[in-house]
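Peer 1: What follows is each chain in one-letter form.
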Amino acid sequence: MSQGGRLIPSEVASRKAANPRYQLYHPKWHRPRYPIFWWVDRLAYLRFITRELTSLAVGYAAVLLMVEIWTLGRGAEAYQRFSDLLGSVPVLVFHGVVLAFLLFHSVTWLNLAPKALVVRLGRRRVPDRLVLLGHYSAWLAATALVVWFLVGR
Amino acid sequence: MATARPKRSREPFFWALFSAGGMLAALVLPALAVVLWFALPLGWAEPPSHAELAAKLGHPLVKLALFAFITLALFHWAHRFRFTLYDGLQLSHLYGLIATITYGGATVLTLVAGYLLWTFP
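For the record, the sequence lines run as chains C and Z.
Residue numbers for the first sequence follow the working numbering, so the first one is 260 and each next one is one higher.
Residue numbers for the second sequence follow the working numbering, so the first one is 994 and each next one is one higher.
No lab work stands behind these hints: they were computed from the structure.
A couple of the hints might just be wrong.
Claimed, not checked - If you want a taste of the chain Z side facing chain C, the calculated C-beta under 8 Å gives, among others:
(1) P1005
(2) A1019
(3) L1020
(4) V1021
(5) L1057
(6) A1061
(7) Q1083
(8) H1086
Unchecked claim - Now the stretches of chain Z that chain C is said to cover, found in silico as 3 or more residues with beta-carbon under 8 Å:
(9) 1006-1018
(10) 1024-1038
(11) 1043-1056
(12) 1076-1082
(13) 1097-1108
Backbone N, C-alpha and C define an ideal beta-carbon position, used for all residues, glycine too.
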């Protein structure tokens, strides 16, 4: 029910009761429906979803690190069993796939750095190439640090 | 006249965790994976003994660094996977449920990581 084109308060209240998200005069969104597999049509979309799915590899690696810490804490025998499991062929193959996703995450993440980070020296903007070089240098340094920490004597 | 303060969005907080986790994961995880998942099991490098590795991990600073890394990596997963489900599988109508599962899962696992590292010998 409206008065001169405007909704009366009781009408607004009843609409709000029916839909808590209802807002007076709020436009209806136009949201065309897409098929669930909309991202398989183009390589760019597939790359986008693959990049987003790298989060699963990151989460898996964090959980596996927790398992490694847990087995280390349970003694040499438990840790040896875990190491043997890591060396089995199915696990190695699976980890090869996970590693590919982790590398894809690293490359796509670092390549976005110049777009996400605008560095200025005085009035001049640091060129994108230098920002990129800085990030890839940090990757190299972090890699060296991890290798030294884990296998260095 | 009192005016209601606009509700502050929690999005920047989760985005900051996502961003920090993404950067750390990009820099550290490939090397960690190559050494722990391939080099040591396949004997490409001489594996440290259990006692050596346990002593390295037992250092308080290493424990702190591992806790921070695991936490940020988990929240990186939570934030990005949440939007993958919204956009990729078009499940944005399950906003609350997905946010609860992803951030809740990351929070629970963070607590587990804290317990494991706190009680690590």
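Peer 1: For each hint, tell me whether it holds in the structure or not.
Peer 2: Hint check results:
no. : hint      : in the structure
1   : P1005     : violated (15 Å)
2   : A1019     : holds (4 Å)
3   : L1020     : holds (4 Å)
4   : V1021     : holds (5 Å)
5   : L1057     : violated (13 Å)
6   : A1061     : violated (11 Å)
7   : Q1083     : holds (6 Å)
8   : H1086     : violated (11 Å)
9   : 1006-1018 : holds (count 4)
10  : 1024-1038 : holds (count 13)
11  : 1043-1056 : holds (count 6)
12  : 1076-1082 : holds (count 5)
13  : 1097-1108 : holds (count 3)
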